[in-house]
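Residue numbers (the numbering used here), protein chains in the order written: chain A, 7 to 362; chain B, 7 to 362.
Hints should not be assumed to be uniformly reliable.
Note: identical chains are not told apart, hence a pair may lie in one copy or across any two.
[To be verified] As a list, the in silico DSSO-like pairs of lysine-lysine whose alpha-carbon atoms are at most 30 Å apart:
| id | residue 1 | residue 2 |
| --- | --- | --- |
| 1 | K258 | K95 |
| 2 | K234 | K356 |
| 3 | K49 | K260 |
| 4 | K260 | K231 |
| 5 | K234 | K129 |
| 6 | K356 | K138 |
| 7 | K231 | K95 |
| 8 | K99 | K49 |
| 9 | K163 | K361 |
| 10 | K49 | K8 |
| 11 | K319 | K99 |
| 12 | K129 | K231 |
| 13 | K114 | K260 |
| 14 | K8 | K25 |
The set of hints was computed from the structure by calculation and includes no laboratory data.
Predicted, not measured: the structure shown is a model, and the values here were computed from it.
Number of protein chains: 2
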Amino acid sequence: MKIHNYSAGPSILPQEVFKKSAEAILDFNNSGLSILEISHRSKDFVAVMDEARALAIELLGLEGKGYQALFLAGGASLEFIMAPYNLMKVGGKAAYLDSGTWASAAIKEAQFFGETVIVASSKESNYNHIPKGYTVPSDADYFHCTSNNTIFGTQMKEFPSLDIPVVCDMSSDIFSRVLDFSKFDIIYAGAQKNMGPAGTTLVVIKEEILGKNGRAIPSMLDYTKHIKAESMYNTPPVFPVYAALLTLKWIKDKGGVAAVEKLNIAKATLLYSEIDRNPLFKGASVVEDRSTMNATFLLNDEEHAPIFDALWKEAGISGLPGHRSVGGYRASMYNAMNIESVQVLVDVMKALEGKI
Amino acid sequence: MKIHNYSAGPSILPQEVFKKSAEAILDFNNSGLSILEISHRSKDFVAVMDEARALAIELLGLEGKGYQALFLAGGASLEFIMAPYNLMKVGGKAAYLDSGTWASAAIKEAQFFGETVIVASSKESNYNHIPKGYTVPSDADYFHCTSNNTIFGTQMKEFPSLDIPVVCDMSSDIFSRVLDFSKFDIIYAGAQKNMGPAGTTLVVIKEEILGKNGRAIPSMLDYTKHIKAESMYNTPPVFPVYAALLTLKWIKDKGGVAAVEKLNIAKATLLYSEIDRNPLFKGASVVEDRSTMNATFLLNDEEHAPIFDALWKEAGISGLPGHRSVGGYRASMYNAMNIESVQVLVDVMKALEGKI
Chain A
7 MKIHNYSAGP SILPQEVFKK SAEAILDFNN SGLSILEISH RSKDFVAVMD EARALAIELL
67 GLEGKGYQAL FLAGGASLEF IMAPYNLMKV GGKAAYLDSG TWASAAIKEA QFFGETVIVA
127 SSKESNYNHI PKGYTVPSDA DYFHCTSNNT IFGTQMKEFP SLDIPVVCDM SSDIFSRVLD
187 FSKFDIIYAG AQKNMGPAGT TLVVIKEEIL GKNGRAIPSM LDYTKHIKAE SMYNTPPVFP
247 VYAALLTLKW IKDKGGVAAV EKLNIAKATL LYSEIDRNPL FKGASVVEDR STMNATFLLN
307 DEEHAPIFDA LWKEAGISGL PGHRSVGGYR ASMYNAMNIE SVQVLVDVMK ALEGKI
Chain B
7 MKIHNYSAGP SILPQEVFKK SAEAILDFNN SGLSILEISH RSKDFVAVMD EARALAIELL
67 GLEGKGYQAL FLAGGASLEF IMAPYNLMKV GGKAAYLDSG TWASAAIKEA QFFGETVIVA
127 SSKESNYNHI PKGYTVPSDA DYFHCTSNNT IFGTQMKEFP SLDIPVVCDM SSDIFSRVLD
187 FSKFDIIYAG AQKNMGPAGT TLVVIKEEIL GKNGRAIPSM LDYTKHIKAE SMYNTPPVFP
247 VYAALLTLKW IKDKGGVAAV EKLNIAKATL LYSEIDRNPL FKGASVVEDR STMNATFLLN
307 DEEHAPIFDA LWKEAGISGL PGHRSVGGYR ASMYNAMNIE SVQVLVDVMK ALEGKI
């Protein structure tokens, strides 16, 4: 039976990525060697890293604009530390938008490095919306925001235009929609949603903002050192980077981010329409801030849960339970999910009406 | 043609690891899902992480001795930072043995955190031996050493018994030989030599030494937080951890570290005997400190290089050139290499005698 994988992350990837990466484990580029046993300094892997870095920049429309892409290890959580280490002055301060659990975790780490101004927070309403109408202090060293809140199913539709560097955690919606990415100075994203398997983090940096905060930075946390070493300051996570490259190529083959965005909107529209139409369900986040990636929704009557749960499991759906801090359900519809899988979920939601 | 992979790292792994990990990419545990798309919080992956952590402790003979094993991301180079962050007091100092390039890199990072005492160094002789007869200051917060120097082909045979915590970078010889591992308080090792593909780092920690240096530690760099979260403080590098588990199971199936060590000694003896017998070659490091993992050797007459290089390439050998800082050749004979492959190299060295 086909499984419809709604996991929030690590999450669904294109079947082609599985097929090609399994092949590379048995024999990489007809070398007679596995991709798991080749040197990261080999010609074949240097080509993988170079292509992945260039393709990330290309897909974001940032060619020739002074940006560098890195594929680091460590997870996006390490960027919570690297961003302030590289940008916050000693005795400086940074401005953060608190739009969810991960934004809040980023704030906690920044506090190790200096003053942290929370410009706005939606915590009081359990992060069911994106805060708006805030002012960012113009003397902050940078502004940090989270473009998509995986847990709560909200997504920033607008980003402030500022004279200070803008840092954005795009872990759960990178490469899912077209934005003017040149508004950002650092974009980072753990691979394990739209970009590849867990184990590597993309960091896209406007190079000119680095080296200005006067802080002594340990090498592994220093973006400048990683850029100088062309993302091979130390042994990179070879296989995750290779699988990320395969995923980026798949996006390009689909027609790039704009084409993928169209499909993402169609999937989200299909599901949210059913959530709004079906009297048994309600959305968990405010309508205007709904995420196209993660749709959070609840049963109006919790007593229907056992029947609904049995129905979606029978239909081959997995990964649908919501995060414990929201409850209910969360349908993560990353790039690699087909609209047919969303239709299966919608059909199950409709079927529930006939069962009760 | 069979390739004999002498790469220094990432490096040869058991064929069984390639086969099983490729299968898991196509279908993990008959779930109908790839290991690249499952949640790290899924029952199946939690079991992988738990088994890998327990098996690492078991293979090192550290069960019931107060140790915890973590599989982190970021590479061993990140441990160069985490060790001082977690152990060095504010205004404190640490003692380091400078036995090679990576030891020296670890020292450089520790200097961001406090005073660093280099107890001895073999830098003046291009790290061709392990420094001995040094004294470690008893008031240092910890002592750091590197058990095997991949680049130079030297290996510590003895370790000091100290009253302060001992931290050891075992990246290139972990699980290759039996030691009294309880002499160490932190052992860390990038996976990409004897333990798995690049992308995860094993850290084995005697828990009681943590939380004593009074330093505020950012979460992702805090061993205590990683231990509390059972090595899932953030999304771990799922696939590299799974492939590491397969490799650890292979070691256990071979009879454990003691059995593997026997084979490693046999391989090293075979190759070093030929280096010493063959008048065309000489070893690059002093005999008593020779590494069983990485044998470095040189041609006595550089003019023979083109003939020798052609011979080993014809024989299907790859990854033999030495690191630029030593020159010549380096044969890395990690656990997964069969003695038959070492015999192929020895035969080529013998054949060279007949060619000139």
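Here is how each hint holds up against the structure:
| no. | hint | in the structure |
| --- | --- | --- |
| 1 | K258 with K95 | neither (38 Å within a copy, 50 Å between copies) |
| 2 | K234 with K356 | neither (55 Å within a copy, 43 Å between copies) |
| 3 | K49 with K260 | within (28 Å within a copy, 33 Å between copies) |
| 4 | K260 with K231 | neither (34 Å within a copy, 41 Å between copies) |
| 5 | K234 with K129 | between (39 Å within a copy, 26 Å between copies) |
| 6 | K356 with K138 | neither (35 Å within a copy, 76 Å between copies) |
| 7 | K231 with K95 | both (18 Å within a copy, 26 Å between copies) |
| 8 | K99 with K49 | neither (43 Å within a copy, 41 Å between copies) |
| 9 | K163 with K361 | neither (37 Å within a copy, 72 Å between copies) |
| 10 | K49 with K8 | between (38 Å within a copy, 20 Å between copies) |
| 11 | K319 with K99 | neither (48 Å within a copy, 57 Å between copies) |
| 12 | K129 with K231 | between (36 Å within a copy, 24 Å between copies) |
| 13 | K114 with K260 | neither (38 Å within a copy, 46 Å between copies) |
| 14 | K8 with K25 | both (16 Å within a copy, 24 Å between copies) |
Hint compliance for this structure: hints 1, 2, 4, 6, 8, 9, 11 and 13 are broken, all remaining hints hold.
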